[in-house]
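Enquirer: Can you build the whole structure from these sequences, using the hints too?
Using this note's numbering, the first residue of the sequence shown is number 18, and each one after it goes up by one.
These are computed hints drawn from the structure, not numbers from a lab. Each statement offered as a hint is correct.
Here are the in silico distance ranges between beta carbons for each label pair:
#1 Ser102 with Ser70: 51 to 61 angstroms
#2 Gln40 with Val68: 39 to 49 angstroms
#3 Gly65 with Phe100: 28 to 38 angstroms
#4 Phe100 with Asp66: 30 to 40 angstroms
#5 Trp38 with Ile93: 19 to 29 angstroms
Just so it is clear, the structure is predicted and the values come from calculations on it, not from any experiment. For every residue, glycine included, the Cβ atom is placed at its ideal position computed from N, Cα and C.
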Amino acid sequence: MAIEPSSAHPTAKARGASPSWLQARPLWAGLSIITMWLAVLFVGVFGGDFVHSSSNGFTKFSVVVFLLPFVLPATIVVARRGFTSVPDEPHGAPDEETRAREEATTEP
18 MAIEPSSAHP TAKARGASPS WLQARPLWAG LSIITMWLAV LFVGVFGGDF VHSSSNGFTK
78 FSVVVFLLPF VLPATIVVAR RGFTSVPDEP HGAPDEETRA REEATTEP
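Expert: Okay, structure coming up:
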């Protein structure tokens, strides 16, 4: 007896009563980006300065400069991943060709 592919994978509503906002990718991407840049803001306000002294004088700049090479690419990656549309099938689901082969082997 063959099982239909649609009945083999339970839907999100059948698994449990989780609110839909918990699965909203743009919401979590936005919160992640806001958190990253708030961290940069707090380091800029409350963090110290990098001071390098030499025989010619000294150089002084904020520690935030060390965070920017990490936070800026992270923001781009999170935005691309979080704000793009999600395909209908979950990752790793069988494609049409695999389904056709399975159906051909199960038919008498």
